[in-house]
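**Q** As given, the protein sequences belong to chains E and H, one line each in that order. When we follow this note's numbering, the leftmost residue of the first sequence carries the number 1, and every step to the right adds one. When we follow this note's numbering, the leftmost residue of the second sequence carries the number 1, and every step to the right adds one.
Hints in this document: simulated from the structure, not taken from any laboratory. In this text, all values refer to a predicted model and were calculated from it rather than measured experimentally. Glycine included, every Cβ here is placed at the ideal spot set by N, Cα and C. A few of these clues could be false.
[What the hints assert, rightly or not] Just some of the chain E residues that point at chain H, by a computed CB distance under 10 Å: (1) T39; (2) L54; (3) F211; (4) I219; (5) R223; (6) T225.
[Stated by the list, open to error] Below, computed lysine-lysine pairings styled on DSS-like, alpha-carbon distance capped at 27 Å: (7) K30/E - K340/H; (8) K15/H - K185/E; (9) K182/H - K155/H; (10) K155/H - K167/H; (11) K30/E - K281/H; (12) K181/E - K295/E; (13) K73/H - K59/H; (14) K280/H - K167/H; (15) K281/H - K167/H; (16) K181/E - K30/E; (17) K295/E - K278/E; (18) K15/H - K181/E.
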Amino acid sequence: MGFLSCYAYLAILSKYVISKIQEFSILGLKRYLVTRGVTMFGVLLITLLLTIALVGSNMDTILKQGVIFQVRSEITDNPSISKSFTNPEDFERFVQQKIDERIEILGLDTPWYSPQRIGYTMLKIILLDFGNATFLTSDTGSSNVGDILVEKIPKTVLLFTTATIIISIIGILLGAASSSKIGSKTDRLTSAFAVISSSFPVWWIGMLMIFAFAFVYQIFPARATPDIEPSDPGYILSLLYHMALPVITIVLIGFGSWAYLVRNFMVGVMQEDFISAKKTMGINKKKIVYRHALKNAAPPIVTILALSLSGSLGGAIITEAVFDWPGMGRLYFEAINVMDLPVIIGSTYVLTVLFLVSIFIADLLYGYFDPRVRTGT
Amino acid sequence: MSSVSTEDIKREFAKSILGITGIVIIATLITISVIAAVTIPPSTFQEWNNPEKWLNYPKTSIPIWANYLTAEKTPEHKILEPEIFQTNSEQLFLTSQQFLVNFEFDDFPSDFVYEFETKYSDSHLISVNLLRPDGMEMKLLTTSLPFSEIETNYKQRIFSTDEMIKKSLLMNPDIFAFDISKKSVTDILFSDVSENKVLKGSYVFVVNTYGTNGQSEIVDSRIILGGKAFGLMGTDELRRDLAIGLLWGTPLALFIGISVAIGSVVVGLIYGVYSGYKGKKTDEAMMRFNDIIYALPALPFLIILAVTISNSIFLMIGFLMIFSWVGIAKVSRSMSLQIKTRQYVEAAKIMGQKDSKIIFRHMIPQLLPYAFASIAISVPAAITTEAGLSFLGLGDPSFPTWGQILHDANTYGAAAQGFWWWIVPPGLLIAITGLAFVFIGNALDSIVNPKLKR
Numbered sequence: 001m002g003f004l005s006c007y008a009y010l011a012i013l014s015k016y017v018i019s020k021i022q023e024f025s026i027l028g029l030k031r032y033l034v035t036r037g038v039t040m041f042g043v044l045l046i047t048l049l050l051t052i053a054l055v056g057s058n059m060d061t062i063l064k065q066g067v068i069f070q071v072r073s074e075i076t077d078n079p080s081i082s083k084s085f086t087n088p089e090d091f092e093r094f095v096q097q098k099i100d101e102r103i104e105i106l107g108l109d110t111p112w113y114s115p116q117r118i119g120y121t122m123l124k125i126i127l128l129d130f131g132n133a134t135f136l137t138s139d140t141g142s143s144n145v146g147d148i149l150v151e152k153i154p155k156t157v158l159l160f161t162t163a164t165i166i167i168s169i170i171g172i173l174l175g176a177a178s179s180s181k182i183g184s185k186t187d188r189l190t191s192a193f194a195v196i197s198s199s200f201p202v203w204w205i206g207m208l209m210i211f212a213f214a215f216v217y218q219i220f221p222a223r224a225t226p227d228i229e230p231s232d233p234g235y236i237l238s239l240l241y242h243m244a245l246p247v248i249t250i251v252l253i254g255f256g257s258w259a260y261l262v263r264n265f266m267v268g269v270m271q272e273d274f275i276s277a278k279k280t281m282g283i284n285k286k287k288i289v290y291r292h293a294l295k296n297a298a299p300p301i302v303t304i305l306a307l308s309l310s311g312s313l314g315g316a317i318i319t320e321a322v323f324d325w326p327g328m329g330r331l332y333f334e335a336i337n338v339m340d341l342p343v344i345i346g347s348t349y350v351l352t353v354l355f356l357v358s359i360f361i362a363d364l365l366y367g368y369f370d371p372r373v374r375t376g377t
Numbered sequence: 001m002s003s004v005s006t007e008d009i010k011r012e013f014a015k016s017i018l019g020i021t022g023i024v025i026i027a028t029l030i031t032i033s034v035i036a037a038v039t040i041p042p043s044t045f046q047e048w049n050n051p052e053k054w055l056n057y058p059k060t061s062i063p064i065w066a067n068y069l070t071a072e073k074t075p076e077h078k079i080l081e082p083e084i085f086q087t088n089s090e091q092l093f094l095t096s097q098q099f100l101v102n103f104e105f106d107d108f109p110s111d112f113v114y115e116f117e118t119k120y121s122d123s124h125l126i127s128v129n130l131l132r133p134d135g136m137e138m139k140l141l142t143t144s145l146p147f148s149e150i151e152t153n154y155k156q157r158i159f160s161t162d163e164m165i166k167k168s169l170l171m172n173p174d175i176f177a178f179d180i181s182k183k184s185v186t187d188i189l190f191s192d193v194s195e196n197k198v199l200k201g202s203y204v205f206v207v208n209t210y211g212t213n214g215q216s217e218i219v220d221s222r223i224i225l226g227g228k229a230f231g232l233m234g235t236d237e238l239r240r241d242l243a244i245g246l247l248w249g250t251p252l253a254l255f256i257g258i259s260v261a262i263g264s265v266v267v268g269l270i271y272g273v274y275s276g277y278k279g280k281k282t283d284e285a286m287m288r289f290n291d292i293i294y295a296l297p298a299l300p301f302l303i304i305l306a307v308t309i310s311n312s313i314f315l316m317i318g319f320l321m322i323f324s325w326v327g328i329a330k331v332s333r334s335m336s337l338q339i340k341t342r343q344y345v346e347a348a349k350i351m352g353q354k355d356s357k358i359i360f361r362h363m364i365p366q367l368l369p370y371a372f373a374s375i376a377i378s379v380p381a382a383i384t385t386e387a388g389l390s391f392l393g394l395g396d397p398s399f400p401t402w403g404q405i406l407h408d409a410n411t412y413g414a415a416a417q418g419f420w421w422w423i424v425p426p427g428l429l430i431a432i433t434g435l436a437f438v439f440i441g442n443a444l445d446s447i448v449n450p451k452l453k454r
């Protein structure tokens, strides 16, 4: 997935696709999608439960401290309350009583692992109510986690979708080209580049790119966060300019293994009977590769396109941290640095949803593209 | 899947150039690890995050060898040890220390520090002079040690930025043909008299300690001549010697990568084979569980685990295993479905052998070649993931890993400031280590799965 080196990723992906075909043929499309849907919802709930379980006790302490702080400041804001007490001990008792009342109203008197509280928290999160962030705010100053996420998600999607589209175009063309001439220089170079480039961590190449293009040749900015206000009309242009270096880096690391993958699928298709038949019919080889073989290799390629998009979302955390790209990944990174738990829970949930949705879409696309699945045979 | 004997694998592997390259790289890394373990005491890496230990080292210095690549020679950071001469006469006890340095660089040293510890009683006087290659002797400063009746140990640091030194230089401003009032002390001392350029040659710092009643004993004494080039790998912003961090990172990376790979392959293999062998409901349930783990977003979870539970390196290895056995379990299950139908397995079943015996005796040995290839292929993923987590600042602070070096580099903006020696080596090591295992895995894989060999 996101963290696997691309080579292992490729190995698992191709096996994943093969297992897909088997499962499709056993279950049929409809039942398959229902099982998938149920599994994924289960995964979502389990992820949520695990996240809450991991951060729950910290969350409790923070919430309780928040209540104490709130009650105390309310009382000091109103001097007449403290004046009505002559004995400081009585006053302290009064404050403590107020705090206990508030804690009980909020339901914080039961521990976080009590069934009602976990159920309530999970329900709130599933309904996309993430509460307020402890420290972080959105660009507009709102501390509502939902607002922050709405601001960040489009930027992450923009960066990684752009990069993935470029990668897949280069990858498909290069892969098709090298599969039409197996053993040629292009072919061997592509394979070598795929293995070597996938061994480098993207974020390290990112640092090198910043060194090369922001320090040695000052073409691109070192930080990818635009320095003008989002309301400014030039913001979008500035955003695109700042996006260049991250996109180039992701493409550079990604397209090699893509080309290699496409090549391998194509090689598989090229060995099939109908291609040999077309060859004996004397049809132009180029036409066979780009018209017929590519069409038949499309289902797995499209599936992997969707999957690699979801995989890259996981890796976004590190990539965005390097380039300081103002998206989900950097938000996550910042939230962890300051232990902003509501933001951590919210972004984990959103990341999981995005991840699962793209896996689900990958399945749907596979069903749509592969005629064997569509007809349910 | 055809079964391949160990002999076959050895023979085929010896033919694979990439496989051999991988083995050679890993052997080199292991040698480096052994050298690291033998030559560098473990206390050094335990003090990796202790800033006091690195005080005498320079900040962000390039590696020394970089001087051979550039026309301009960056001054090396030198720690000078003294030659000690003692002369005694009736009234005066003199201890003279000489620090010789051959200065052949194109830029001035950034500063110098005279650091000493001495054991004395009564009162003593110290004078520091510099003998230049053009024969001039510059008086830097004269100072007295605090008076003490009993024998005491006294420690002091004299910095080149000391007011006294500048003052004594400004007493004779006419020696130099340029205005020295705005220059730093080292820019003056190491300069040619006619113009403000480095005067190359050998310099001698002479430190004399005078006592009237008895000798002072020098316990510890050195001059640190600040430069911008140091050691094999340079230093970072916190003055740490990167060579030590990189050396110690090697065994750690290998340890993390190999233990995660072996652990997850063993778990995945047994899980998958058991699931495939049992079949029916057990298989269904186990594969659903597998699907769930497969669909968990790994990196966010690893981060949360590291933050909330612990970032100890051993627990981290366990966390990494949780997420990496899944794919292997899937593949070994489908392989075990084929092996299950073989006659010797059926025969064993009819003979009434225990399930565990059938699985471990008859089925898993068939999958071993695949398992070895998987181990090799899984190592780089584990190493890069650990490096990634360390890069985010979630590494175990008691062990300097390559990822942590890169984390520090990123925190101090090394890329944007051009500190290439801080960024390139750790990443390159991560990549080379990963590549070596990929080569081996690839070679093994094409022997085990001849179909992939094209």
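**Q** Does each hint fit the structure? Answer for all of them.
**A** Comparing the hints with the structure gives:
| no. | hint | verdict |
| --- | --- | --- |
| 1 | T39 | 5 Å, holds |
| 2 | L54 | 5 Å, holds |
| 3 | F211 | 4 Å, holds |
| 4 | I219 | 13 Å, violated |
| 5 | R223 | 8 Å, holds |
| 6 | T225 | 13 Å, violated |
| 7 | K30/E - K340/H | 30 Å, violated |
| 8 | K15/H - K185/E | 22 Å, holds |
| 9 | K182/H - K155/H | 31 Å, violated |
| 10 | K155/H - K167/H | 24 Å, holds |
| 11 | K30/E - K281/H | 21 Å, holds |
| 12 | K181/E - K295/E | 18 Å, holds |
| 13 | K73/H - K59/H | 17 Å, holds |
| 14 | K280/H - K167/H | 91 Å, violated |
| 15 | K281/H - K167/H | 90 Å, violated |
| 16 | K181/E - K30/E | 40 Å, violated |
| 17 | K295/E - K278/E | 14 Å, holds |
| 18 | K15/H - K181/E | 25 Å, holds |
In summary, the structure is inconsistent with hints 4, 6, 7, 9, 14, 15 and 16 from the numbered list given earlier, while agreeing with the others.
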